[in-house]
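Enquirer: As you go down the protein sequences, you meet chains A and B in turn.
Numbers 929 to 1219, taken from our numbering, label the letters of the first sequence in order.
Numbers 929 to 1219, taken from our numbering, label the letters of the second sequence in order.
A couple of the hints might just be wrong.
One copy or two, either will do: identical chains are not told apart, so a pair holds if it fits within one copy or between any two.
What the hints assert, rightly or not - Simulated pairs of lysine to aspartate or glutamate, DMTMM-like, Cα-Cα distance not exceeding 25 Å:
#1 1150 / 1078
#2 1006 / 1159
#3 1006 / 1057
#4 1065 / 1156
#5 1210 / 985
#6 1192 / 1001
To be clear, the hints were calculated from the coordinates, so they are not data collected in a lab.
There are 2 protein chains.
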Amino acid sequence: MAERVFGEIAGFPVGTTFPDRRGLHDSGIHRPLQGGISGSGREGADSIVVSGGYEDDRDFGDVIVYTSHGGNDPETGKQIADQELTVRNLALAKSALDGLPVRVVRGAGGDPAYSPASGLRYDGLYFVEDYWQEKGKSGFLIWRFRLVKEPATPQPPANPDAPAPAGPALRIDTLVQRLIRSTVLIQKIKELHDYRCQVCGERIETSAGPYAEGAHIRPLGKPHDGPDVLENLLCLCPNDHVRFDFGGIVIDDDLSVINADGTKIGALRTVPKHSVNKTYLKYHRRRFSPA
Amino acid sequence: MAERVFGEIAGFPVGTTFPDRRGLHDSGIHRPLQGGISGSGREGADSIVVSGGYEDDRDFGDVIVYTSHGGNDPETGKQIADQELTVRNLALAKSALDGLPVRVVRGAGGDPAYSPASGLRYDGLYFVEDYWQEKGKSGFLIWRFRLVKEPATPQPPANPDAPAPAGPALRIDTLVQRLIRSTVLIQKIKELHDYRCQVCGERIETSAGPYAEGAHIRPLGKPHDGPDVLENLLCLCPNDHVRFDFGGIVIDDDLSVINADGTKIGALRTVPKHSVNKTYLKYHRRRFSPA
């Protein structure tokens, strides 16, 4: 079996269309003839097909909220069991963890705003920014993945019948404002904690000064739409930031830090001028154990 | 004084030209009327002007090797003392550490291959990928910064007299091959060490499995041109990766791990199937103490 290839496939630029899954397979853009996710839990996912099979999927063009098809009845396609973070779901989670690019193919049958009228279209590279568990419309648990367009990948062509997006000038202004705000707040949270991790207390020293990261508790952006405020931020070392974002640790309402196996491993460090909003902590906990 | 703005400035898209530094100042793209670097060590650098003042600078279009003007005689411009990692140099180092975007302005007088014939031109956002100390042509120590184009920023317009770059098809092929190779090797180094950090021994657990990072000892890409081989890689936790890349720790020929203040803090963990090439360790040490 050929080695799994991450990133662009030479000879098949963004926008290439395919009449069917066989042609898509032959190109190397997406190898499986049936499954929506190509990948393994050990290596990560190299490509997905978004073709509207799932009732909970959402497509914003530059952001896709994707749900895999585990737990479905093979006859009816209806979900009949909770999904687990194994096999193909684990492949997408691994891509998020390792920051691997995922080739995205849109098929007819997906959201009409961004999908081709017929066949399949390669739409370029996306990154899996985060993933979480929730109750789907069926009442069973599903795992959802938020994919965000890699900056050099063009926006997919919008269907002319779809409502017009905001003008480019407005969009740039909004982006600029958001970046400034976020930079200032993240700088502030780090200074409030003197660059000390709120979980482990470590302060990383470098030749350019101390290093820490501002971590959003409820993530920004669709579909989470967490607010960019101090009460939604933590000051973390990169190790605990990875653990926090990928379900290695959660934080209880009493500010206990809890391991994935449920063990309490410590208490969140606090400073007088920074309090954390418990609604956001709960949102974060539910991402990994929706109970 | 206005708040320092990182990222794009609304109303001044990439390619905007300015007859002089006054016009550039008024736009907000680059505030200082004289200095090449706008920024502070606490906040980072928000913009630089590349205008060929420095004999050691190199401009590859998508990559710039930049040297600031510290240690120069104000009359002659000649370097008369070692540069230190303070003030403006520290601002650029901080931008590297925090991953902040830097607005790049090219001025007439820079490398003719990519610089405007007259005046100044805003060329978009770059990231400071790394920085290091070395002996400049003058014999004094300088700090150099490698800036890499943010993916959505267009390549600067090349001077028609400059030699033609390789065709796009060839370039894509090379990029694809490089990405595949790098992904496979980084996966391999992590598996060889079972995702355990070679400096601290920590293994980070997440819902998607263990997490570690592959760190190049001698960086890839111009001007370092480190090789993409296992002997040039370490398996590190993100905390030690930050320390290693930003001069918080170096590794001696006997594999001792040395703090920035010279204290030995431990020994690099090794496994039978992975040996580190000492030439690369030496290259890394010299980046932060060229002795």
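Enquirer: Does each hint hold? Answer for all of them.
Expert: Right, here's what the structure says about each hint:
1. 1150 / 1078: both (16 Å within a copy, 23 Å between copies)
2. 1006 / 1159: neither (40 Å within a copy, 50 Å between copies)
3. 1006 / 1057: Intra 27 Å, inter 48 Å, cutoff 25 Å: neither.
4. 1065 / 1156: neither (29 Å within a copy, 47 Å between copies)
5. 1210 / 985: within (23 Å within a copy, 51 Å between copies)
6. 1192 / 1001: neither (38 Å within a copy, 59 Å between copies)
Hints 2, 3, 4 and 6 from the list above are not met by this structure, while the remaining hints are.
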